Amino acid sequence: MKNFISVNDVASIDALVQKAIAYKAAPHKDKKLGADKRVGLLFLNPSMRTRLSTQIAAQNLGMESIVFNMDKDGWKLEFEDGAIMNGTSVEHIKDAAPIFGAYFDLLCIRTFPSLVNKQDDYNEVLVNQIIKYSGIPVISLESATLHPLQSFADVISITESFKEQRKPKIVLTWAPHIKPIPQCVANSFAQWINAWGHADFVITHPEGYELDTQFTEGAAIEHDQATALKDADFVYVKNWSSFTDYGKVLPDNEHWMLTTGHLKDTNNAKVMHCLPVRRNVELSDEVLDGPNSLVNLQAANRVWAAQTVLAEILTTQSN
Amino acid sequence: MKNFISVNDVASIDALVQKAIAYKAAPHKDKKLGADKRVGLLFLNPSMRTRLSTQIAAQNLGMESIVFNMDKDGWKLEFEDGAIMNGTSVEHIKDAAPIFGAYFDLLCIRTFPSLVNKQDDYNEVLVNQIIKYSGIPVISLESATLHPLQSFADVISITESFKEQRKPKIVLTWAPHIKPIPQCVANSFAQWINAWGHADFVITHPEGYELDTQFTEGAAIEHDQATALKDADFVYVKNWSSFTDYGKVLPDNEHWMLTTGHLKDTNNAKVMHCLPVRRNVELSDEVLDGPNSLVNLQAANRVWAAQTVLAEILTTQSN
Amino acid sequence: MKNFISVNDVASIDALVQKAIAYKAAPHKDKKLGADKRVGLLFLNPSMRTRLSTQIAAQNLGMESIVFNMDKDGWKLEFEDGAIMNGTSVEHIKDAAPIFGAYFDLLCIRTFPSLVNKQDDYNEVLVNQIIKYSGIPVISLESATLHPLQSFADVISITESFKEQRKPKIVLTWAPHIKPIPQCVANSFAQWINAWGHADFVITHPEGYELDTQFTEGAAIEHDQATALKDADFVYVKNWSSFTDYGKVLPDNEHWMLTTGHLKDTNNAKVMHCLPVRRNVELSDEVLDGPNSLVNLQAANRVWAAQTVLAEILTTQSN
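Chains as they are written, first to last, in my numbering: chain A, 7 to 325; chain B, 7 to 325; chain C, 7 to 325.
In isolation and in its complexed conformation, chain A is listed as follows:
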């Protein structure tokens, strides 16, 4: 594995999941793999689980890690080619990225979409410039369109929670929020479940919230939430803003908040969410606090997802 930006960087999802489960059983078994290697964790946006789990993963592999909050410890970066930098941006990514490349062996980076310039966001301009100018392996800690470490942790969690000899029915359902949220988690979950191939996969959302088909192709799209949820084994709850009317929040969908009532015709479905969650806006307390919630498992599995990806890249580097 050279970079980890999307599921397309993964040769075998099943093999990767098994490697993660092995790390979960023995966190320190590869403590020497990262000796004298250094990973930079570069945040252009806030983060809790991602930040902590990636640091822990690096420690488990014996790597040194350095966290850098670009916006708070440093300054504003410029990403536009040819910019005359007489405004608020202090440094161009063309100058900053090679330094990360010189200082680190691997680079992890979190960026968010603008939710304004759809073309730049969906071209992943920021991450691609960092890959281009840093010259070292780059791991996405969530980019403009995808959140692959989250999706990997989600597939680990589903694998651990479903032991039957059939394909589970997995439903990704849109949920309300109070402000515009990126499409990343939904795009990425759709992309991974489709690529994984071991599920009947349905996506449900109000009209106007269609996701980019490059990620959803292979899933059934169903606008009636009740129909979609019927017989579900897993319900992944997530808000996202409109892809069509880019970055917008459409009115009158508060009834999409997932409650125990919505779950009554499911197959005793496990409920998933990437966190942080707006309680009693996206999901009700009773669901989150109930026995079928997998949210803590998903978050805990972020460590093993990150550790596996770091280990894959270290192994590739040393070969």
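Hints were generated in silico from the structure; no laboratory data involved. Just to be clear, a hint being listed does not mean it is correct.
The list treats identical chains as one, so a pair stands whether inside a single copy or across any two.
What the hints assert, rightly or not - Straight-line distance between alpha carbons at most 27 Å, and here's what the computed DSSO-like set of lysine-lysine pairs gives: (1) LYS100 x LYS270; (2) LYS82 x LYS254; (3) LYS185 x LYS78; (4) LYS82 x LYS185; (5) LYS30 x LYS169; (6) LYS100 x LYS30; (7) LYS43 x LYS8; (8) LYS185 x LYS100; (9) LYS30 x LYS138; (10) LYS30 x LYS43; (11) LYS25 x LYS169; (12) LYS35 x LYS25; (13) LYS43 x LYS100; (14) LYS169 x LYS236; (15) LYS30 x LYS8; (16) LYS43 x LYS25.
Values in this document were obtained by computation on a predicted structure and should not be read as measured data.
Assemble the complex: chain A is given as a structure, and chains B and C must be docked to it using the hints.
Same frame as chain A, now just chains B and C:
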């Protein structure tokens, strides 16, 4: 020791002090105790001595530590049960705390009181929710009502500085400040000195600044500062806002600022303060810069206090 | 070496450069030198290269490092002697610095000039108080008037890039910026090149931008940029605000921006800048992206500069 929230978590103060003094003489003697253990340092409020001394203590024990500034690196937490989260809080402590529990072996946390809601503050709602939902040992780095690592360092400093065969007279004196300050340091110092039992202990403050009796019981309360300070061996200087008229600053007490003049009838008293100190508001330069100041010793002893508590909890865990 | 505040702390620049080049070839060769030693990295201002390179340097020497952003993790420091602290400053350097001295073996600190009080800035009041009150070796990560780790990395970069048997011609040229910038990098580069002595050294700038002669003495001053640049082997581009009319930006000097056109009569000059750079304000894209740019090399060499200085001080301490 399971948690470290107040002096009530301590079996023997004297034994703990001796253990700290032993670490001070040989900082790295337990370098293997913390191998493959990880402590999270979670700050909901600013900190200097506490932050640095706890990281150093963890390093001395060979533990990995990760600092997380919840407000700056992450986002605002919700603590109200059943909240409809359509405001500024991004994540509920019920969802965040279990993640800390999954990622860390121990959790250190700093919170401050609201100084508005007395009942919530004095019920220690935040720390108790973190203990309840994280499921791992929790060390207070200062909570709504107490600052036990500071008090522990204070008792170490007194023990080191007083070698006579009698009980020292210790006076806790209120001092002016420019804004409302928590009662934590005063509450906690009173609680520890009372529990320690090796002192004649007097608390002096203007009327209206009475502390909660659950902490002060056992100490003499004296409203005349000069009378209180007479023959003192140690004078602990500290501001706090009103407990009765909760969080308020009462007028016309600037003359309580401790100067060398106030110390003339003491027994050549050592002067203590937890820092940071407002010079020439709480205490005069001449006292702070004089030979009887223990403030640097107190701050230095924060390392050994933190190291001792971390070691106690690690030892309990491994038994 | 006791402290590292300016070139005056260096016994032999050439020997220091050779030591840095040796570390570059074998970064981990002194991994045991820093065992059980701890360096504090204290930032009163933002930093990227300096912050990261110093942490990496410490890791390479096996030292523990702790980064503390005084302004963001802590609070505002007071530097005025005798201040009545009833304003926004929370802690006096007289109280904070001894704590750093108790907690760390070495202290690295970044401060910036006020650009308002010239006398305080040029007396290096902040750094000198930290040296005085901390009692441990202090390394400047840029102070009010100098940036010695940058200059050291610059001399390493020049040494690596010039193999002829003659003295190179080095030109420091002023460049435009959009706001008042400290004189530190220019002062420090001038001081180091003059002390180094292996160059023909010319400084060029618009009238009104004369630097303090204590740093420039030994260099030729030339107000005509084209004349200065003629036959240059190295062109160091940097903005600074006025030293005479302290902290001011003077009008109508935009044509000083360095472009390929300005370089045509040089000796195929290498171009240097300390970064971050305002592209197309200080320097044109074509120069920065061209083959003669040394900016990435300079930044990469910051690690070896920092590692060498840390090692020098550790060695002095243990003798």
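Hint check:
| no. | hint | result |
| --- | --- | --- |
| 1 | LYS100 x LYS270 | between (53 Å within a copy, 25 Å between copies) |
| 2 | LYS82 x LYS254 | both (25 Å within a copy, 24 Å between copies) |
| 3 | LYS185 x LYS78 | both (23 Å within a copy, 20 Å between copies) |
| 4 | LYS82 x LYS185 | both (24 Å within a copy, 16 Å between copies) |
| 5 | LYS30 x LYS169 | within (18 Å within a copy, 53 Å between copies) |
| 6 | LYS100 x LYS30 | between (38 Å within a copy, 24 Å between copies) |
| 7 | LYS43 x LYS8 | within (16 Å within a copy, 31 Å between copies) |
| 8 | LYS185 x LYS100 | between (32 Å within a copy, 22 Å between copies) |
| 9 | LYS30 x LYS138 | between (33 Å within a copy, 24 Å between copies) |
| 10 | LYS30 x LYS43 | both (22 Å within a copy, 15 Å between copies) |
| 11 | LYS25 x LYS169 | within (18 Å within a copy, 51 Å between copies) |
| 12 | LYS35 x LYS25 | within (12 Å within a copy, 34 Å between copies) |
| 13 | LYS43 x LYS100 | within (24 Å within a copy, 36 Å between copies) |
| 14 | LYS169 x LYS236 | within (20 Å within a copy, 75 Å between copies) |
| 15 | LYS30 x LYS8 | both (23 Å within a copy, 26 Å between copies) |
| 16 | LYS43 x LYS25 | both (21 Å within a copy, 22 Å between copies) |
The structure shown violates none of the earlier numbered hints.
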